[in-house]
Amino acid sequence: MITAALNYELLQQEGLETSLLEISMGPHHPSTHGVFRMDVKLDGETVVELRPVFGYLHRNHEKLAENMTYLSSMPFTDRLDYFNSMTNNWAYALAAEKLIEVEVPERAEYLRVIMAELTRLVNHVTLVGFFINDLGALGTPLMYAFREREKILDLFEQASGARMMCNYFRFGGLRNDVPEGWLDRTRELVDRFPAFLDEYEQLLCENEIILSRTQGVGNLSRELAINAGVTGPMLRASGVNYDLRKVDAYGIYDRFKFRVPYTDGDTGDCYDRFMIRMLEMRESVAILKQALADIPEGDIIGKVSKVFKPKPAEVYGRIEGPKGELGFYLIADGTTKPYRYRVRPPSLINLTVLRDMCLGGKIADAVIILGSIDIVLGEVDR
Amino acid sequence: MSFELIKDILLATVPLLVIFPSLFAFTTWMERKALARIQNRIGPNKTGIPCTRIGLFGLGQPAADGIKMIFKEDIVPRGADKLFHLLAPILALIPAMLILCFLPLEFPWGKFISGKVQAFMLDSAVIFFFAISGLATLAIFMAGWASRNKYSLLGGMRAVAQMVSYEIPLLLSAVVVVMMVGSLNAKEIADAQTGFNWFVFTPWGLAAFVIFFIAALAETNRSPFDLPEAESEIIAGYFTEYSGFKFALFFLGEYIAMFAISGLAVTLFLGAGDGPFLTSAPWLSVVWFIAKIFGLIAVMIWLRGTLPRLRVDQLMAFAWKFLLPLSIFNILLAGLTHFALDARVAATSDAILYSIHAPHTHSGEANHEHPKPVAGQKEAVMGALHYTDKNWMGAMKWFSKAALKGHAQSRSILGWGFGIWAMSLIVLYVMAKGLDNVSRSTAKPREYLYAE
Amino acid sequence: MTQEITFWVLAVIAVLGALVAVRRRNLIHGVFALMIFFASLSGLFLLLLAEFIAAVQILVYIGAVGILLLFAIMLTERVTGDDARDITSRGSFWGWAAALAVLVVLLLPAIQGADLSQVAKPINPSVKALGQQMMEPYVVTLEVLALLLTAALIGAVAASQGGEKTKEDTDDA
Amino acid sequence: MSILGGGIFKGMAVTLRNFIGSYFYKERLTTNDYEWRAKDKLPQSIGDYPKEEGEQLRDTTTVNHYSRNFPMLLHDTGEPMDTIRCVACQICERECPPQCIYIEKSTEKKENADGKPQFYPAKFDIDVSVCMSCQICVEVCPFDAIVMNSQFELSTPNRFGGLLVRRDDLLKSNDYYHKIHPQEAAARDQKMVADKAAKEAKKKAAAEKAKAAAEARAAAAAEAEAKEDTE
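Protein chains in written order, with our numbering: chain B, 1 to 382; chain S, 1 to 452; chain X, 1 to 173; chain E, 1 to 231.
It cannot be assumed that every hint is accurate.
[What the hints assert, rightly or not] Only part of the chain S face toward chain E is listed, based on derived beta-carbon distances under 7 Å:
1) Arg-37
2) Ile-38
3) Asn-40
4) Gly-305
5) Thr-306
[Stated by the list, open to error] Lysine to any residue pairs mimicking SDA-like chemistry, simulated, CA-CA at most 25 Å apart:
6) B:Lys-63 with E:Val-140
7) B:Lys-303 with E:Lys-202
8) B:Lys-309 with E:Phe-143
9) E:Lys-196 with B:Gly-302
10) E:Lys-109 with E:Ser-129
11) B:Lys-63 with B:Pro-52
12) S:Lys-187 with S:Phe-201
[Unchecked claim] Covered by chain S, per the in silico footprint, the following chain X stretches (three or more residues, Cβ under 8 Å):
13) 11-24
14) 45-55
15) 95-109
16) 141-155
It should be emphasised that the hints constitute simulated quantities derived from the structure, not laboratory data.
Don't be surprised by glycine CBs; every beta carbon is placed ideally from N, CA and C.
Isolated chain B, as found in the complex:
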């Protein structure tokens, strides 16, 4: 159905002057997920040209980080992808830990995995909610998603003191141990989560309107996905079995048994991207169950000073964030501040294929394709 009309030629008929309708969708548009703009040219309702415009939320994150100590930019990483502050923290901590060579205690590693997987649940569940909202459902799935998200955010708050800007990870471990009873509450939540997922799947996964709206829309071929550097669920939806949790096995992911859902790469459309995330949530629950069963007692942070001067080195720390590969690239020059600090934002890099996916579709498709990419403008613009 979708034939990507990369070079669209306007149908010129004799004696009939036609022109395209140009629309600037955003930065204030209900479904651009923040201050994002798409300059769209429409032929009727068909998108023939699309130009993503961003930078409205640029906060100079990388340059700021080069002018403050390593620890001080930790709270700023929260604000990159403000849905997933825990995983952002982890990626940055991983990079910095390579500089200073510190042993992360066992309990901290377990808690890191627990936090990261809870974050993945938060991200995927809200993404699906927003995605269906973009499809036009009046916020019902979004509200169910938010209910579950609230429960997880409550846990985050109890552990770290903040719901979204957790700022919980530290080089060599975590800032503080979780309070008493926290693990039990988490176990309870994790036990209940599959029931919610069942209900969610019953609501969404067989709905004919959702099926026909999402299938065959925004196809992303395996080749394009790899060439564009797309990562995360989007890449797996295009048929590449690539998950850093398996590939890198950072942290202690090699201790857990879990599966990575991916497609055969025939379609790689919005439906695949949506379903891969639904399936990944089940796997996250499996990881959480194992981690919560095995977590030992012990220290929470290794020996590391607050302000340190690493030896000159170049390091790259990356994790499988909920949105894709989130990497931090640091160059240390022997002072307390990094010489170069660079974020590899999955949102931005996944966004680069937007135009290729949208052309030839309807304007309504462009909206859901953007929704299925799963961007957060805090991370795109930095």
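Could you slot chains S, X and E onto chain B? The hints should help.
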């Protein structure tokens, strides 16, 4: 101008002008509350009596909304067509209010004041209904065009395309009922359904009702057909640039149109004001009517809380490739089954009636003794009498009583009835399935791979 | 009395609508004025108790023809003409003359003092009667018309070959 | 597009279940009233929220032991300025990611709680409109002088001055800290005591070492002297 005329006009119109806008207020509350509960929220619960802490389940919300709307600034974009920008909401409201007049609502004050109780006893009420409800399209187009906003324009274009397309299945599904009753008069259609002879209980009526309801959703821009005001795509569609009281008028017009079209669905398929206890309290008919309207609106709200939106091309394909052929086929089927069933039952009922009269009326000779009473004869005769009164439900009740007692002819009637009923349902389903297979994309759930 | 007042109101609206429709440079305004004209015409039909014709007037002329006009206008550029500029042309005299001539021709029967009461037979204006008239004496005409329209419809579909264009055509039919 | 499959009806069953369930199961609701709010007493204004200093809210999901809103300065029991822990070392000012702390060091020293003469902050302002509650200042402070407050009702009609919190408003007693974050405060006190003990021990050790060294030196010197003498 005589006093009588003025009184009649007032009697006919004032209730509509009072009742439906207040029902609108109630419906907005109901919708907000129901949607909130569907989404596991609480909904308005604090807005009750002002200056007190009495919440009244948020029933004051519509009033608060109304006050807010009135006092909001009315913004007209620069470069907009000011006249049309003003006229569009009014034009949206007027046809919606006008078509209420064609509903066979009989208000109970015929008792107190003599006079007409139905606004328009038009012979061609149903066709008028469709004619005037089509005017809403113009209003929406007007709004979309006058706002000088690309989103509004897109919304307006979508609205026109959608409403023009869905008017056809809407009309064609109504044709079935008109065909059966033999009249376009709403009152006659309502009368034909008294005693639970609702057309929705017939297979073609059921199919027509479903088609009508779906098309009505599209006509009133309700989810999942709310493309003209698709928030996630084109902001608010044709009323992107509307604020304040003009927006409220659009809102009102939309809801009144919802009432009107549900009212027509109730009139055509759900027996209008028919319901239980009507013999003892005829005034209940208004209550039943409005209750049925609310039933339909509740379903609309429920759908709105559940379904996402269709895409433009799918919307069009659904109207032209699915609903339209199905409704045409339904007309044919209705004619056919009705003819077959009617002929059969008429012949058998005649025979039943004849069998009790025959000995006495036939050429005076041989048969002077009473005919042997067949088991269930009496019930069968009652059924036949009900049938000649066109009371299908009553006839079927009596026939089935007779059949239980072993009356052969009644059994055959029932067999025919149910046979044709089931046959038509199956045929309709097969037809729908076939159309579906032709028109739908190959959307179905998929299997996914897992890497260990 | 009531009827007369109604008639005059409707007549004035109709004439004004027609005038505006002709005089406005803004095409959309013109179309909507034309629709007002149609609507008041339908009111006049109602006044004559020809309710079916009135309904059809709205359904076909406003609902279909008007929308079609709007669609056509939407496809053109420069929809809003320059309203300030007056429409004057050199041939205006001939225009007025032609209009007057048409009026005279139309009014000829009245001028001749034709007996109109002979023409107007009392008829039953109900829809039922209309339907019966259509199905009994004029059934052949109806069928021919239906055939023609169907042919036109199929022709339009074949000519356009576009999936979405058919809707206007069908509605027109 | 099809409506003949059951998917739409399945979805409708889910929404119906939620519609009914929301009346019976509280855990289904997305939003809940704060548990600490009495059922019949709806808050009408800011004053109706529990705002009294140090009041621990019962509902742990909203304000808890780790909750952090904006920093405050600690002082030990006694007059605030006499027992202030902060010595105006300005580490927090340097480390603060959004640079919202402004400190002016005093020119002369003053006795602190331990009776030692120390510098103190002549000015200590936190712009809470800039502060992002990250708690970095708390972590880097070597004197345990700055901790996080959990008070969240900070709205003020004064846009410019109102959100710039001055030293005297930032100063809170250690008792208050114990009230709002009992576990954390206890742990911190323990740590402080341990640190102090360690310091003392270290000092003692250092002193002993110095003494030993001096003795050794003296001995060596004496030896050397003796040697010299002998030579």
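Okay, the hints, checked on the actual structure:
Look at Arg-37 of chain S: its Cβ gets to within about 5 Å of chain E, closer than 7 Å, so that hint holds up. For the restraint placing Ile-38 of chain S at the interface with chain E, the shortest Cβ-Cβ distance is roughly 5 Å, inside the 7 Å limit, so the hint holds. Against a cut-off of 7 Å between C-beta atoms, the interface hint on Asn-40 of chain S holds, since the closest Cβ of chain E lies about 5 Å away. Restraint check, Gly-305 of chain S versus chain E: the minimum CB separation of about 5 Å is within 7 Å; hint holds.
At a threshold of 7 Å, the smallest CB-CB gap from Thr-306 of chain S to chain E is about 5 Å, leaving the interface hint in force. Distance hint between Lys-63 of chain B and Val-140 of chain E is fulfilled; the C-alpha atoms sit about 22 Å from each other, no more than 25 Å. The straight-line distance between the Cα atoms of Lys-303 of chain B and Lys-202 of chain E is roughly 20 Å, inside the 25 Å bound, and the hint therefore holds. Only pairs whose Cα atoms come within 25 Å are accepted, and Lys-309 of chain B paired with Phe-143 of chain E is accepted, the gap being roughly 22 Å.
For the hint pairing Lys-196 of chain E with Gly-302 of chain B, the CA-to-CA distance comes to about 22 Å; that is within 25 Å, so the pair holds. Only pairs whose Cα atoms come within 25 Å are accepted, and Lys-109 of chain E paired with Ser-129 of chain E is rejected, the gap being roughly 31 Å. For a cut-off of 25 Å, the pair hint linking Lys-63 of chain B to Pro-52 of chain B stands: about 24 Å separates their Cα positions. The hinted pair formed by Lys-187 of chain S and Phe-201 of chain S meets the criterion: a straight-line CA distance of about 19 Å does not exceed 25 Å.
Counting residues of the region 11-24 of chain X whose CB lies closer than 8 Å to any CB of chain S gives 0, so the stated coverage by that chain is violated, three being the minimum. Note: the region 45-55 of chain X has 4 residues with beta-carbon separation from chain S under 8 Å; the three-residue rule is met and the coverage holds. Note: the region 95-109 of chain X has 0 residues with beta-carbon separation from chain S under 8 Å; the three-residue rule is not met and the coverage is violated. With 0 residues carrying a beta carbon less than 8 Å from a beta carbon of chain S, the region 141-155 of chain X misses the three-residue requirement, and the given coverage is violated.
The structure fails to meet hints 10, 13, 15 and 16 from the earlier list, while all remaining hints are met.
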